[in-house]
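Student: Here's the letter readout for the chains.
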Amino acid sequence: MAKPPIRKPKKKVCVFCQEKISYVDYKDTGLLRKFISDRGKIRARRVTGNCTQHQRDVATAIKNAREMALLPYTSTAR
Amino acid sequence: MRNYEMMIILDPTLEERIVQPSLEQYLQVVPSGGGAVEKLEIWGRRRLAYEIDKRSEGIYAVVDLLAEPDTVRELDRQLNLNEAVLRTKVVRPQAH
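Here the protein sequences line up with chains A and B, keeping their order.
The opening residue of the first sequence carries number 10 in our numbering; numbering runs sequentially from there.
The opening residue of the second sequence carries number 1355 in our numbering; numbering runs sequentially from there.
A few of these clues could be false.
Subject to a maximum C-alpha distance of 16 Å in a straight line, what follows is the list of computed EDC-like cross-link-like pairs (lysine to aspartate or glutamate) [said to hold, decoys possible]: (1) B:Lys1443 / A:Asp34; (2) B:Lys1393 / B:Asp1418; (3) B:Lys1393 / B:Glu1378; (4) A:Lys36 / B:Asp1430; (5) A:Lys43 / A:Asp66; (6) A:Lys50 / A:Glu76; (7) A:Lys36 / B:Asp1418; (8) B:Lys1408 / B:Asp1365; (9) B:Lys1393 / B:Glu1359; (10) B:Lys1443 / A:Asp47; (11) A:Lys36 / B:Glu1378.
Since the hints were made in silico from the structure, they are not lab data.
Whenever a hint applies, use it, and build me the whole structure from the sequences.
Tutor: This is the structure in structure tokens:
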């Protein structure tokens, strides 16, 4: 019986740690859009590869941007 | 004294040329409370991601302030009472 090959996922490095960004700005919608799905949902850490702290910073920045109508809460495109 | 950053969304029916003077007028409480307006940046008309009060557009402005906490609270209170202001947000970027 052939065992299913064990997938070794490529370890992603947090983009913010790499770029040494300490403050995630909620006004930078171009950057934040990379971390939301086309439905407007925040992407999970296993998708984005961010570290714990930066994922949290991104999430709060997205929520702040949503409050100011810079990003959608939901988008029914599709 | 602390640094604050305030974003203001104004009613899109406001005329373009009165945006700057009216914002300056709202911000008068800052110098009178001993603070300073460091930067006033008007982004202009921008599409909202969703409707606010049946408006699909808004005039965005970002203000950098150096002020006492009480002054900022008073400014925020006054802006929220103002009919021409759709929404405000105050953040402290240096706290991070």
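Student: Taking the hints in turn, state whether each one holds.
Tutor: Tested hints:
1. At most 16 Å may separate the alpha-carbon atoms for a hinted pair to count; Lys1443 (chain B) and Asp34 (chain A) meet this at roughly 13 Å.
2. Among the hinted pairs, Lys1393 (chain B) with Asp1418 (chain B) is consistent with the structure: their alpha-carbon atoms are about 5 Å apart, no more than 16 Å.
3. At roughly 11 Å between alpha-carbon atoms, Lys1393 (chain B) and Glu1378 (chain B) fall within 16 Å of each other, so this suggested pair holds.
4. Using a Cα cut-off of 16 Å, the hinted pair Lys36 (chain A) and Asp1430 (chain B) is violated, with the two alpha carbons roughly 19 Å apart.
5. Among the hinted pairs, Lys43 (chain A) with Asp66 (chain A) is consistent with the structure: their alpha-carbon atoms are about 14 Å apart, no more than 16 Å.
6. For a cut-off of 16 Å, the pair hint linking Lys50 (chain A) to Glu76 (chain A) stands: about 14 Å separates their Cα positions.
7. With a C-alpha separation of about 13 Å, the suggested pairing of Lys36 (chain A) with Asp1418 (chain B) holds against the 16 Å cut-off.
8. Only pairs whose Cα atoms come within 16 Å are accepted, and Lys1408 (chain B) paired with Asp1365 (chain B) is accepted, the gap being roughly 11 Å.
9. At most 16 Å may separate the alpha-carbon atoms for a hinted pair to count; Lys1393 (chain B) and Glu1359 (chain B) meet this at roughly 9 Å.
10. For a cut-off of 16 Å, the pair hint linking Lys1443 (chain B) to Asp47 (chain A) is broken: about 26 Å separates their Cα positions.
11. Between Lys36 (chain A) and Glu1378 (chain B) the alpha-carbon distance is near 22 Å, which puts this suggested pair outside the 16 Å criterion.
Taken one by one, the earlier hints fail for this structure at numbers 4, 10 and 11, listed in ascending order.
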